[in-house]
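Student: Taken in order, these protein sequences are the chains called A and B.
The opening residue of the first sequence carries number 1 in full-length UniProt numbering; numbering runs sequentially from there.
The opening residue of the second sequence carries number 1 in full-length UniProt numbering; numbering runs sequentially from there.
Keep in mind the hints are simulated off the structure, nothing from the lab.
Hints may contain errors.
[What the hints assert, rightly or not] To give an idea of the chain B side of the interface with chain A (calculated C-beta under 10 Å), a few residues:
1) LEU3
2) PRO71
3) PRO72
4) GLN94
5) GLY100
6) ILE221
7) ALA227
8) VAL230
9) LEU232
10) ALA233
Glycine is no exception: its CB is placed at the ideal position from the N, C-alpha and C atoms.
Protein chains: 2
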Amino acid sequence: MNLLLLEDADFVSAGRARLSGRRLKHLNEVHRAQAGDSLRVGLLGGQMGQGRLLTLDGEHAELEVELNQTPPSKLPLTLVLALPRPKMLKRVLQTVATMGVPRLVLVNSYRVEKSFWQTPFLEPEAIREQLILGLEQARDTVLPEVVIEKRFKPFVEDRLPALAAGTLGLVGHPGEFPPCPRAVTEPVTLAIGPEGGWIPYEVELLKQAAGLQPVQLGERILRVETAVPVLLARLF
Amino acid sequence: MNLLLLEDADFVSAGRARLSGRRLKHLNEVHRAQAGDSLRVGLLGGQMGQGRLLTLDGEHAELEVELNQTPPSKLPLTLVLALPRPKMLKRVLQTVATMGVPRLVLVNSYRVEKSFWQTPFLEPEAIREQLILGLEQARDTVLPEVVIEKRFKPFVEDRLPALAAGTLGLVGHPGEFPPCPRAVTEPVTLAIGPEGGWIPYEVELLKQAAGLQPVQLGERILRVETAVPVLLARLF
Numbered sequence: 001m002n003l004l005l006l007e008d009a010d011f012v013s014a015g016r017a018r019l020s021g022r023r024l025k026h027l028n029e030v031h032r033a034q035a036g037d038s039l040r041v042g043l044l045g046g047q048m049g050q051g052r053l054l055t056l057d058g059e060h061a062e063l064e065v066e067l068n069q070t071p072p073s074k075l076p077l078t079l080v081l082a083l084p085r086p087k088m089l090k091r092v093l094q095t096v097a098t099m100g101v102p103r104l105v106l107v108n109s110y111r112v113e114k115s116f117w118q119t120p121f122l123e124p125e126a127i128r129e130q131l132i133l134g135l136e137q138a139r140d141t142v143l144p145e146v147v148i149e150k151r152f153k154p155f156v157e158d159r160l161p162a163l164a165a166g167t168l169g170l171v172g173h174p175g176e177f178p179p180c181p182r183a184v185t186e187p188v189t190l191a192i193g194p195e196g197g198w199i200p201y202e203v204e205l206l207k208q209a210a211g212l213q214p215v216q217l218g219e220r221i222l223r224v225e226t227a228v229p230v231l232l233a234r235l236f
Numbered sequence: 001m002n003l004l005l006l007e008d009a010d011f012v013s014a015g016r017a018r019l020s021g022r023r024l025k026h027l028n029e030v031h032r033a034q035a036g037d038s039l040r041v042g043l044l045g046g047q048m049g050q051g052r053l054l055t056l057d058g059e060h061a062e063l064e065v066e067l068n069q070t071p072p073s074k075l076p077l078t079l080v081l082a083l084p085r086p087k088m089l090k091r092v093l094q095t096v097a098t099m100g101v102p103r104l105v106l107v108n109s110y111r112v113e114k115s116f117w118q119t120p121f122l123e124p125e126a127i128r129e130q131l132i133l134g135l136e137q138a139r140d141t142v143l144p145e146v147v148i149e150k151r152f153k154p155f156v157e158d159r160l161p162a163l164a165a166g167t168l169g170l171v172g173h174p175g176e177f178p179p180c181p182r183a184v185t186e187p188v189t190l191a192i193g194p195e196g197g198w199i200p201y202e203v204e205l206l207k208q209a210a211g212l213q214p215v216q217l218g219e220r221i222l223r224v225e226t227a228v229p230v231l232l233a234r235l236f
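If we strip away everything but chain A, and leave its shape as in the complex, we get (with noise of 0.2 Å):
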């Protein structure tokens, strides 16, 4: 946790908070923090800043807040990603949100196991958990959306288009394609596929409706938690 991340609902007065749950015990366990203490703090959806312990025991933080920084800039890039296994999707979206991706769909692809639909993961709050891991990692207080599409044929035909429109639409996938290209300036919508990679008709279709053009990374598969950062790290 390298950003305290406070809500509304923790101010009990102006440039005031108190905390418990797992941000106090953090506190307490972690940093070891102590009243007096600075710390780096954000308000979810808001500014940065600093805040001071008053006080801090098994029950309650008490902190007094100054926010006056704005958090960093998001990635020009609308992420479409097919479903990853439960244990993946969580750490796929602490690494969405600390890398600063503003727009994440999750995408039904042939090679998604259905199992992979009913996860407790997929729950709102679930997957506001893990957003919030990651803006705390990464010192952001900006949450993804976070889109869900269970089926691909309507969302590629019908959304995607006006999501991907003026923007460079590409689509990682092994083969013999043009290597992902470095440091754009452009806007980017990038789908990245299932473990086992897309369909060629998901290719096809991804490219036809939408525009998306499929480049590669190189001989070696990179599973998809490694894969998201990779193009991203390319790309941006």
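With chain A held as given, fit chain B onto it using these hints.
Tutor: For chain B alone, coordinates are given in the frame of chain A:
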């Protein structure tokens, strides 16, 4: 498992291998392989090629193997990594093998918790297991070399200068430093710190003793398991 990795001991005669255990289980349960199926195979430390399943049951699988393809090339890199916490170590070892790092040095640092050095995941067999998972993922056959350096100062002063000689030496470190270079063509020695980062003394010693220059990745603080793929994807 995108590649079935064989070892010399698996061969019952020239061109014929017999498997049991984890790999057999994976063939049965994940690949749902059947006699007659063709699979990508590789010989650990050797070539890759095709295997044709002759027989397969709950006890053994037998394959006819033809090896005629060289594995993908490695990155021109020595990666020096402050020992991560055990769970992260496992994933980082897989990532290192998957991405083609040929040599990894796990080193102590002020912010590495002492208890991390006690983990069973540092046993040679445990390290090898994670590296093999990483090679199977990437489709590579050549194990990275992993060196364990429990003392920072003697390593950096006595051994790192020779490792880093003739390479571009870099230390990943947040702060007012130049951005990490992109798409370099020379060999690199890259040092990545622990959670919380190197302490200033360590950055200074890496610079003074071994010529490693600090570089940064922007305002966002990345987890080590994200920083590794991000830095490698930028550099190569």
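Student: Against each hint, give a clear statement of whether it holds in the structure.
Tutor: Here's how the hints hold up against the structure:
no.: 1; hint: LEU3; result: holds (9 Å)
no.: 2; hint: PRO71; result: holds (9 Å)
no.: 3; hint: PRO72; result: holds (4 Å)
no.: 4; hint: GLN94; result: holds (8 Å)
no.: 5; hint: GLY100; result: holds (6 Å)
no.: 6; hint: ILE221; result: holds (5 Å)
no.: 7; hint: ALA227; result: holds (9 Å)
no.: 8; hint: VAL230; result: holds (4 Å)
no.: 9; hint: LEU232; result: holds (8 Å)
no.: 10; hint: ALA233; result: holds (4 Å)
Checked against the numbered hints listed earlier, the structure breaks none of them; every hint is satisfied.
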